[in-house]
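Trainee: If you want the building blocks of each chain, they are given just below.
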Amino acid sequence: MGSTYSMLTQYDIEEVQEYCNNLFSQQEIVSLYERFCQLDRNSKGFISSDEILSVPEFAMNPLSHRLLKMVDGLNFKDFVAFLSAFSSKANIRQKIELIFKVYDLDGNGKVTFSDVLEVLRDLTGSFMSEEQREEVLSHLLKEAGYAKTSSLLLDDFIKILDYPCLRMEVEIPVD
Amino acid sequence: MGELNSSSSEIDLDRPNIEEYLPPDSIKEFHEKLRLRDLLDISPALTEAAGAIVDDSFTRCFKSNPPEPWNWNIYLFPLWCFGLVVRYGILFPVRVLVLTIGWIVFLSSFIPVHFLMNGKDERKKKIERYLVELMCSFFVASWTGVVKYHGPRPSMRPKQVFVANHTSMIDFIILEQMTPFAVIMQKHPGWVGLLQSTILESVGCIWFNRSEAKDREIVAKKLRDHIQEVDNNPLLIFPEGTCVNNHYTVMFKKGAFELGCTVCPIAIKYNRIFVDAFWNSRKQSFTMHLLCLMTSWAVVCDVWYLEPQNLRPGETAIEFAERVRDIISVRAGIRKVPWDGYLKYSRPSPKLTERKQQIFAESVLRRLEEK
Numbered sequence: 001m002g003s004t005y006s007m008l009t010q011y012d013i014e015e016v017q018e019y020c021n022n023l024f025s026q027q028e029i030v031s032l033y034e035r036f037c038q039l040d041r042n043s044k045g046f047i048s049s050d051e052i053l054s055v056p057e058f059a060m061n062p063l064s065h066r067l068l069k070m071v072d073g074l075n076f077k078d079f080v081a082f083l084s085a086f087s088s089k090a091n092i093r094q095k096i097e098l099i100f101k102v103y104d105l106d107g108n109g110k111v112t113f114s115d116v117l118e119v120l121r122d123l124t125g126s127f128m129s130e131e132q133r134e135e136v137l138s139h140l141l142k143e144a145g146y147a148k149t150s151s152l153l154l155d156d157f158i159k160i161l162d163y164p165c166l167r168m169e170v171e172i173p174v175d
Numbered sequence: 001m002g003e004l005n006s007s008s009s010e011i012d013l014d015r016p017n018i019e020e021y022l023p024p025d026s027i028k029e030f031h032e033k034l035r036l037r038d039l040l041d042i043s044p045a046l047t048e049a050a051g052a053i054v055d056d057s058f059t060r061c062f063k064s065n066p067p068e069p070w071n072w073n074i075y076l077f078p079l080w081c082f083g084l085v086v087r088y089g090i091l092f093p094v095r096v097l098v099l100t101i102g103w104i105v106f107l108s109s110f111i112p113v114h115f116l117m118n119g120k121d122e123r124k125k126k127i128e129r130y131l132v133e134l135m136c137s138f139f140v141a142s143w144t145g146v147v148k149y150h151g152p153r154p155s156m157r158p159k160q161v162f163v164a165n166h167t168s169m170i171d172f173i174i175l176e177q178m179t180p181f182a183v184i185m186q187k188h189p190g191w192v193g194l195l196q197s198t199i200l201e202s203v204g205c206i207w208f209n210r211s212e213a214k215d216r217e218i219v220a221k222k223l224r225d226h227i228q229e230v231d232n233n234p235l236l237i238f239p240e241g242t243c244v245n246n247h248y249t250v251m252f253k254k255g256a257f258e259l260g261c262t263v264c265p266i267a268i269k270y271n272r273i274f275v276d277a278f279w280n281s282r283k284q285s286f287t288m289h290l291l292c293l294m295t296s297w298a299v300v301c302d303v304w305y306l307e308p309q310n311l312r313p314g315e316t317a318i319e320f321a322e323r324v325r326d327i328i329s330v331r332a333g334i335r336k337v338p339w340d341g342y343l344k345y346s347r348p349s350p351k352l353t354e355r356k357q358q359i360f361a362e363s364v365l366r367r368l369e370e371k
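If you're matching them up, the sequences are chains A and B in order. 6 is the number that the UniProt record's numbering gives to position 6 of the first sequence; each next residue is one higher, with no gaps. 334 is the number that the UniProt record's numbering gives to position 334 of the second sequence; each next residue is one higher, with no gaps.
Everything labelled a hint here was simulated from the structure, so no lab data went into it. Keep in mind that the hints are not guaranteed to be accurate.
Claimed, not checked - Each pair of labels, with its calculated beta carbon distance range:
# : chain 1 : residue 1 : chain 2 : residue 2 : range
1 : A       : Gln94     : B       : Arg216    : 32 to 42 Å
2 : A       : Tyr11     : B       : Val94     : 14 to 24 Å
3 : A       : Gln94     : B       : Trp191    : 35 to 45 Å
4 : A       : Asn75     : B       : Leu76     : 34 to 44 Å
Stated by the list, open to error - In silico contact screen, one side only, chain B against chain A (beta carbon under 7 Å); selected entries:
# : residue
5 : Thr353
6 : Gln357
7 : Phe360
In this text, all values refer to a predicted model and were calculated from it rather than measured experimentally. Even glycine gets a Cβ: it sits at the ideal position worked out from N, Cα and C.
Can you make the complete structure from the sequences, with help from the hints?
Mentor: Take a look at the structure:
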């Protein structure tokens, strides 16, 4: 009785490692499995929104609702794949791809003005009015050379966000 | 102490000092002109979220830490098997016997005293208290409890409460075998609930219900009434409000610290080598937990009765609670985390999210001004 991580075989680890493009070491994958089992309380094989929301640090994140849609129902392989963008080995393109996916929840490859507004609303809440948000966004889009009515594609995101200060890394605690 | 006062301090209790515990890069202080990428770059929020998914200090508090398995080679394995036989085949039956004898002795004395003796008789109370203490000693013996008490034994004085860190319901039994405490508990179902309503009534008991919102005020009043009485047993409170795994302490609820009386801290630390005494109520029932203890070698723990503390001038109840938590955590050698234990049962307050939103919104508006 106790931890189920002994059920992860070497073959499983290698399969998961391949699935996440070798962005995590085998030790990190074992740690992530331990964590996955801790979150997946009734050992269903996937994690549900309720279980992720039981982590208070996650529940109080302004983007928790959007991220929940991406993380809800993930099995272990997809869980690792989702987190692989946060590996120190991931390149900037992979990180920006994840950021794009958070904006483009419906997955049609286009991020519209209202998509960005939605995220901005999550991030600022009641501390900015809707008019202020629209105004700031239109102004900055215009400055960067984009029309308000056009949608942004992944390449646009890469062009805008590719700068050296972009840091998006999480350390996996390894025993 | 008006209603408004308590609700604002409630906000403070809900708001841990997260800034101390989370990476500081989420609070970037650039005074540069705002650019499109600053608005679109959600990497700080994403990093925090991923960090929480991967590891968080709250879940760590409730992780069971069973003793390291040591049966890993050809010499140790048969030894371990032998130990298993001794524990389950010899120790366990003996302990069950001890417990059964204890129950018989207790019930045969308690029931007549409880129902036949006059309620007003002073001796009735004394005998009942003594019997409860005796029963607790039987319980402790049934897990071969080796408890080392340090510090002066608590004295029976009015206007004082005792607070301790909480690992399992056996905390109460271990303390009760030395001193008759009155206790405040969550009402449990099953046989435990039955015990609570009959036997524990004799030492004095206050009930609370976590799920009821209005409960706090009702309980606070009951607490105040209890300590005023001269011949009530001293009250033992577990301010964490829930069982924690004995490696961390979660935030203390301020209820015990705003009663206007002396607070005597008690620190309890279990020795993990013998058994993990943490009762993980998510994973096992109390019965399973007791059985687990009864089939282990021993329950070894240290209990420290620490110096009584009073509210200092200018100190709020929350600061007082944190100060006492500090004293207990240091003595027991365990770490503090800034979380409210009740987050086990409910979501964090939206005010925490609002604070983050406020920081970001203000930074955007400020940088918009910069030209």
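Trainee: What are the numbers of the hints the structure violates, in ascending order?
Mentor: Checked against the structure, the hints that fail are numbers 1, 2 and 3, while the rest are satisfied.
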